[in-house]
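All chains, please: the whole structure from these sequences, using the hints.
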Amino acid sequence: MIIAFVVMFSVFYLFQINRMTLALVTSREIPEENHEKIFRTINILITILLVSLYVGVEFTP
17 MIIAFVVMFS VFYLFQINRM TLALVTSREI PEENHEKIFR TINILITILL
67 VSLYVGVEFT P
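Using this note's numbering, read the sequence shown as starting at 17 and increasing by one per residue.
Hints were generated in silico from the structure; no laboratory data involved.
Treat the hints with care, as some may be off.
What the hints assert, rightly or not - Across the chosen pairs, the derived CB separations fall in these ranges:
#1 Phe-55 x Pro-77: 34 to 42 Å
#2 Ala-39 x Ile-60: 13 to 21 Å
#3 Glu-48 x Val-27: 25 to 33 Å
#4 Val-22 x His-51: 26 to 34 Å
This one's a predicted model, so the numbers in the text were calculated from it and none came from an experiment.
Cβ coordinates follow ideal geometry from the N, Cα and C atoms, glycine included.
This is the structure in structure tokens:
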């Protein structure tokens, strides 16, 4: 049950973070060449955060 909630929350959260990142790179007029690197870095960091959230919730008594 908890894994279904974490997966749904993670998909929604990553979508929202990517929307905000797109707004950031658009408003700051960051060159197109750097967009992929920025999105990759942010998505990796958020994925690490979400995995640690799952581990903390699942394995804490």
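Non-conforming hints, listed in increasing numerical order:
Structure breaks no hint.
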